[in-house]
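S.K.: Positions 57 to 293 (my numbering) are the ones given, in order, by the sequence shown.
Derived from the structure by calculation, the hints contain no laboratory data. Heads up, some of the hints might be wrong.
Said to hold, decoys possible - Derived Cβ-Cβ restraints for the label pairs, each shown as a range:
#	residue 1	residue 2	range
1	M57	N199	40 to 48 Å
2	K154	T281	44 to 52 Å
3	I61	E230	21 to 29 Å
4	N199	N113	36 to 44 Å
5	T255	M136	17 to 25 Å
6	E211	H93	26 to 34 Å
7	E241	N164	15 to 23 Å
To be verified - List time: in silico SDA-like cross-link candidates among lysine to any residue, alpha-carbon distance up to 20 Å:
#	residue 1	residue 2
8	K106	M136
9	K133	A64
10	K216	L286
11	K190	N200
12	K190	M136
13	K127	K216
14	K106	G196
15	K144	D71
16	K263	K239
17	K109	P194
18	K263	D273
Bear in mind the structure is a predicted one, so any value in this text is a computation, not a measurement. Ideal Cβ positions, reconstructed from N, Cα and C, are used throughout, including at glycine.
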Amino acid sequence: MKTLIHKANTRGHADHGWLNTHHSFSFASYFNPERVHFGMLRVLNDDIVKGGKGFGNHPHENMEIISIPLKGELEHKDSMGTSGVIRKNDVQLMSAGKGVFHSEYNKNADEPVNFLQLWIFPKYKDIAPRYDQKTFDPAGRENNFQEIVSPLESEGTGVKINQNAYLYLSNLTEGSELTYQIKREGNGVYVFVLRGDLTIAGEILGKRDGIGIHEADSFEIVANTKSEVLLIEIPMN
């Protein structure tokens, strides 16, 4: 087993006034040659957007873009004609494919929205753009791995991604233990701690810490306190 640790206070950070953001991997003006990506995971941004503000219409291509709201409401519009609002317990996935434009705004003027945005390199390039969104019952992740993103070609329960990737949310009670089994040979897992204190693969981690694990078949997660984690399993090559 090989691991790498990204402590919360080592992430890239930018405060633009309307946007307060932390980057687990190199993004925009933050560049760290040792933190460009983890396997096919290219971006993991932890964004807080002020009321009424947001990202204007902008393009993407050949990237799988996942948005996971943690607090507040995020409004989405794109060139495929999709529009809507996502909230906590929703997961949104946009396969940019051969090209798409979209915008993201805080729907509310009086409170911030906090969401995670992930970019994952696609399995197939230049596909037709595609949008998927789903609401998940949080009860399904209590001391369990709730699948929120599944490969397009699988029968998984998550929103569908153009990659051999799997994402899970898990809420753990204090003292609980879970074993994560890696789904595909050659895949690794990046675990991002949303809250709490855990021991993962023998390493003690806290809120917004991350750990990358690869060259392993499985690993243990122990909740030292009440905790919440996001697991991102992706091909390493």
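S.K.: So does M57 sit 40 to 48 Å from N199, Cβ to Cβ?
M.R.: Violated - the Cβ-Cβ distance for M57 and N199, about 23 Å, lies outside 40 to 48 Å.
S.K.: Looking only at beta-carbon atoms, does the pair N199, N113 fall within the given range of 36 to 44 Å?
M.R.: holds (41 Å)
S.K.: Is K109 close enough to P194, meaning Cα to Cα at most 20 Å?
M.R.: Violated - the C-alpha atoms of P194 and K109 are around 28 Å apart, more than 20 Å.
S.K.: Compare the distance between the alpha carbons of K127 and K216 with 20 Å, and conclude whether the hinted pair is satisfied.
M.R.: violated (23 Å)
S.K.: Does the alpha-carbon distance linking K144 and D71 stay inside the 20 Å limit?
M.R.: violated (23 Å)
S.K.: Hint check: K106 vs G196, CA-CA at most 20 Å. Holds or violated?
M.R.: violated (30 Å)
S.K.: Given the range 44 to 52 Å, decide if the beta-carbon distance of K154 to T281 lies inside it.
M.R.: Holds, since K154 and T281 (Cβ atoms, about 45 Å apart) stay within the stated range.
S.K.: Do the alpha carbons of K190 and M136 lie within 20 Å of each other, as the hint requires?
M.R.: holds (18 Å)
S.K.: Has the given pair, K190 with N200, been kept, meaning a C-alpha gap of at most 20 Å?
M.R.: Answer holds: K190 to N200 is near 19 Å, not above 20 Å.
S.K.: Does the alpha-carbon distance linking K216 and L286 stay inside the 20 Å limit?
M.R.: holds (17 Å)
S.K.: Under the criterion that the straight-line Cα-Cα distance not exceed 20 Å, is the pair K106, M136 satisfied?
M.R.: violated (26 Å)
S.K.: Check whether the Cα positions of K133 and A64 lie no farther apart than 20 Å.
M.R.: The given pair, whose Cα atoms are some 31 Å apart, is violated under the 20 Å limit.
In this structure, the earlier hints numbered 1, 5, 7, 8, 9, 13, 14, 15, 16, 17, 18 are contradicted, and the remaining ones agree with it.
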